[in-house]
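A.B. asks: Take a look at the letters that make up each chain.
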Amino acid sequence: MTSSRSMPCLAWPASFIVLLFFSTSLLAEAVDDLSLEALLDMEVTSVSKKAQSLSDAPAAIFVISRDDIRRTGARSIPEALRLVPGLHVGRIDSNKWAVASRGFNGRFANKLLVLIDGRTVYTPVFSGVYWESLNPMMEDIERIEVIRGPGAALWGANAVNGIINIITRHAADTQGGLVSAGAGTYEKQFGAMRFGTGLGEGVYGRVYANGFRRSDFDLPEGSEGGDGWDASQFGFRVDGRLSPRDSFTFQGDHGKQHLHQHLSIARYSPPYLEEFIDSASGHNANLLARWRHTLSPASDFVLQVYWDQYLRDERILRQFVTTFDIDFQHHFALDRRNDLVWGVGARFQRDDLSGAVARATPAAQRSSLYSAFAQDEITLREDRLWLTLGSKFEYNDYTGLEVQPTARLFWALNERHKFWASVSRAVRTPSRVERSVSFLNVVLPPGETFNPGPFPVGVLVEGSNDFVSEELMAWELGYRFLSASAFSVDATLFYNDYRHLRANRVDGLTAVPGGLEQKLPFTNARSADTWGAELAAVWQGGGWWRVDLAWSLLKTHIDTSAEDDVNPQIEISPEQQLSVRLAMDVRADMTLDIWLRHVGAAQALSAISLRPIQLDAHASLNLRLAWQLDENLELAFVVRNLFDDGRVEYVQESFTRPEGVPASYYIALRWDF
Amino acid sequence: MNPRPCFLRPGAFVGLLAVVSGLAFASPSFAGRLEENTLKAAMVLNIARFTEWPMEETKGDAGSLRLCVFDTDGGMLAAFRELPPKRIHERWLQVRAVRRATDLDACDLLFVRDPDRSSVSRLLAAIGHRSVLSIADMPGFAEAGGIINLVRAGRKLRFEVSLSAARRAGLKISSRLLKLATIVGDRR
Chain V
18 MTSSRSMPCL
28 AWPASFIVLL
38 FFSTSLLAEA
48 VDDLSLEALL
58 DMEVTSVSKK
68 AQSLSDAPAA
78 IFVISRDDIR
88 RTGARSIPEA
98 LRLVPGLHVG
108 RIDSNKWAVA
118 SRGFNGRFAN
128 KLLVLIDGRT
138 VYTPVFSGVY
148 WESLNPMMED
158 IERIEVIRGP
168 GAALWGANAV
178 NGIINIITRH
188 AADTQGGLVS
198 AGAGTYEKQF
208 GAMRFGTGLG
218 EGVYGRVYAN
228 GFRRSDFDLP
238 EGSEGGDGWD
248 ASQFGFRVDG
258 RLSPRDSFTF
268 QGDHGKQHLH
278 QHLSIARYSP
288 PYLEEFIDSA
298 SGHNANLLAR
308 WRHTLSPASD
318 FVLQVYWDQY
328 LRDERILRQF
338 VTTFDIDFQH
348 HFALDRRNDL
358 VWGVGARFQR
368 DDLSGAVARA
378 TPAAQRSSLY
388 SAFAQDEITL
398 REDRLWLTLG
408 SKFEYNDYTG
418 LEVQPTARLF
428 WALNERHKFW
438 ASVSRAVRTP
448 SRVERSVSFL
458 NVVLPPGETF
468 NPGPFPVGVL
478 VEGSNDFVSE
488 ELMAWELGYR
498 FLSASAFSVD
508 ATLFYNDYRH
518 LRANRVDGLT
528 AVPGGLEQKL
538 PFTNARSADT
548 WGAELAAVWQ
558 GGGWWRVDLA
568 WSLLKTHIDT
578 SAEDDVNPQI
588 EISPEQQLSV
598 RLAMDVRADM
608 TLDIWLRHVG
618 AAQALSAISL
628 RPIQLDAHAS
638 LNLRLAWQLD
648 ENLELAFVVR
658 NLFDDGRVEY
668 VQESFTRPEG
678 VPASYYIALR
688 WDF
Chain U
14 MNPRPCFLRP
24 GAFVGLLAVV
34 SGLAFASPSF
44 AGRLEENTLK
54 AAMVLNIARF
64 TEWPMEETKG
74 DAGSLRLCVF
84 DTDGGMLAAF
94 RELPPKRIHE
104 RWLQVRAVRR
114 ATDLDACDLL
124 FVRDPDRSSV
134 SRLLAAIGHR
144 SVLSIADMPG
154 FAEAGGIINL
164 VRAGRKLRFE
174 VSLSAARRAG
184 LKISSRLLKL
194 ATIVGDRR
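In the order they appear, the protein sequences are chains V and U. Sequential numbering of the first sequence, starting at 18, is according to our numbering. Sequential numbering of the second sequence, starting at 14, is according to our numbering.
Isolated chain U, as found in the complex:
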């Protein structure tokens, strides 16, 4: 076989660089845009700010709010971990990776990413009616008994709230949050 010439010679390289940097620098600002998982993580924090846990349900260290993350692909866990230390309702947010449904004892929030839906039932059964704010980003989460679901609408994010599920969990969700949400399930 004949040896082939080096496929990317300096000339081609410089050309490519010019094209790419041209595109990059001629581009409109990237302000107003965020990586999807980062945006979702920020939304989860905001949603937590507008949620009220019953006083007696403070678990673990009284000073911390435990966010448990069950994430089969790792993207959300990484996004939560990259957030700077945060206080919500005077409690420090603590992010914890969860591998099993039986590890949810001390959670105040649960984020679920499980595109195959193979663990959702067990996770929700493990929470039962305890005051855990369950959040996911998959269609059908509310029907399965979850409280909040983040949904993509084009390139933006929206969220659905199941009021009945929130009530079962004894969580109060502020009306300011509900105004921005799509309410699913029964409204009573």
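One chain only, chain V, in its complex shape:
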């Protein structure tokens, strides 16, 4: 189960890649000497240049491009996120993922801010994301920007360990039609359609529809997991300009998911777990409008409003949450040295919670959040040295005012070597569950290790009004390098110091029908520190191949020694992860992508198995081969998790049993017209 055993596996692919480099001669053409007529006659290769290291952002930023999404064959956002160093993506079952940046992963991981086109998609109920409810058309995603580390000064609460910013394409870039459809073993059927057209002078629009059916995963014994699902989503986006100085975006989506899950719910009578297949459903809808006004070359402002609603109905909990959000942001250059951006915002949410397992008191609640921020980018030496100072101020109903400052320094030694450093404070404000929801997590059978007494003891995890924000102080160092031709590196070192992390304390033991109930309210008794390194490198050859490498190291120390901390389990994210992707144009009309990943051993929480689950280190291989049948028609064949069939990647903290991720393949056809 250790990484020492599976690392040699990666030695083979590594030598394979090295061999490939030496077996090819780089095409060094004097392109700049070609005539315009000759250039117009040239065709573009499908492996395009990527240069993360050119970024002048004083933060650990990684961009997943449209090309990356297409060429990995990713059919969901978490799948694409596996490209990012410092992120851990664990598949729990057919319709659940655990995604975290720099540790503390879990299905209910809570330290990430996730946005789609400027709209927050983490739920206030547990501060995490229902990844299965995010089903935009993968083909129309422009890029996914991932910032590891705190970005709270600009983005606000919950941007503790990272920000995932999913940006769909501008409507002007999606003119015309696109139909894609496919079928396979896990991806049973899927299809997507988009049509974009001009709507007037400078105004563009598109509509899309997207749907799929995915099959069950397997329980480790080999039986079906009962977790197959299907989902559909449709939506529109209109982008346009009203004047040379005014542009707007108006967009909306509606999505629906039918989910199945194998639930294991605690009860007071033997066998103390009730197992059944739950049919759950999700509905979500949103509308967003954004207006950008340019005041001068040095100044513009953006006003954005959105409305978002979701209904998620499952046996554990039924949630109906409505959000209305308004944000104003003004950017201006004060003088040649100071580039300022400031903003104010307000968010109003209403939730309505009910369910057989989790109980919310009160069942319905309104909440509001007011925020303001300011940031100054100060040029200390032109084109060389910048200092960014900023802070966010947020006022929330639970903990009042939260201040989240940051200081960042960026130094470009020259065009090849760039350095940055930062220190920031960020908080994660309490979620609804942590304040006012309780649920029976597990019932300890009598006469066993954890409960030697004669009565079954139910463990009731309980929200608490004493629960306050979790805090982080983060220090980061970064280095970016770009070689003369085709090699670039982006490296980051970080140290995170967490205070007031969530734990549980022992409260009263009371008699209930069928046994005893042990209350475990949430407290902020835990602290932790993590440090690590992340590396992203790109090596580009002759325009027809590219290697992307992502490596991450994470050391986690969680201090559970506080008297108030009874939680016996801790989560430990993989210490090392490696992703190597080779993208090639093997022929003029054919592309091949080989993607190898190694994920170190991890430890996940599991209430129902009473002890943490050890997850083995593993390696996996994905392949994608695509033919361009003609200019507008592409046929792709994708294989996933080859040689790694049935591996348990991750488990949910409560309510479900481990399931293995099957090896799978699919065939897809894409037609642009």
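Note that these hints are calculated values from the structure, not bench results. The C-beta atom is built at its ideal place from N, Cα and C for all residues, glycine as well. Wrong hints could be hidden among the right ones.
As the list claims (entries may be wrong) - Just so you have them, the derived chain V footprint on chain U, three or more residues with Cβ under 8 angstroms:
1. 125-138
2. 149-159
3. 169-181
Claimed, not checked - Heads up, incomplete: computed chain U residues facing chain V, CB under 10 angstroms, no partners named:
4. Lys53
5. Ala55
6. Asn59
7. Phe63
8. Asp84
9. Asp86
10. Gly87
11. Gly88
12. Leu90
13. Ala110
14. Arg113
15. Thr115
16. Asp116
17. Ala119
18. Lys185
19. Ile186
Got chain V; can you put chain U on it based on the hints?
C.D. replies: Same frame as chain V, now just chain U:
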């Protein structure tokens, strides 16, 4: 959990290598194909060769032609930087990364890559009617007031020229270039 066997054994590896190299070496020549950003960068240079700047508008060092690149993804900037030193109209081409719309003072050319279109208005407002050849690779650039837009047509590249925008900037674009271009906006 049972340990699983090494997923890529030497045998599988050799097989894979054979398949890949088979595909690669049996493939038709890659001549006539270029990486997209590299091709675009080469086109920008050619377009500059067929553009005439008014004499008095020579900025910065008299001996250099300044190409400012505003690129939110970095691919174009990398492509421009990889080009060997070039002379256009007897002036050395100087590539400069631009981070802010207020940094355009000394530019003769401006390349914009901004898929979100969040900075286009400010960049074009900053140029105003000065003699800066603005080039982008995004639909709608001409309507926003830009001069040249590179467009993908299947696997090849084409370009659009807005004559009115060029005239406002006081730039003369050679007829040889216009013959190859799609003219957008009014033709007067």
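A.B. asks: Now tell me if each hint is right for this structure.
C.D. replies: Hint by hint, here is what the structure shows:
| no. | hint | in the structure |
| --- | --- | --- |
| 1 | 125-138 | holds (count 9) |
| 2 | 149-159 | holds (count 6) |
| 3 | 169-181 | holds (count 3) |
| 4 | Lys53 | holds (9 angstroms) |
| 5 | Ala55 | holds (4 angstroms) |
| 6 | Asn59 | holds (4 angstroms) |
| 7 | Phe63 | holds (7 angstroms) |
| 8 | Asp84 | holds (8 angstroms) |
| 9 | Asp86 | holds (7 angstroms) |
| 10 | Gly87 | holds (3 angstroms) |
| 11 | Gly88 | holds (4 angstroms) |
| 12 | Leu90 | holds (5 angstroms) |
| 13 | Ala110 | holds (8 angstroms) |
| 14 | Arg113 | holds (6 angstroms) |
| 15 | Thr115 | holds (5 angstroms) |
| 16 | Asp116 | holds (9 angstroms) |
| 17 | Ala119 | violated (12 angstroms) |
| 18 | Lys185 | violated (16 angstroms) |
| 19 | Ile186 | violated (12 angstroms) |
Hint check: violations occur at hints 17, 18 and 19; the rest are consistent with the structure.
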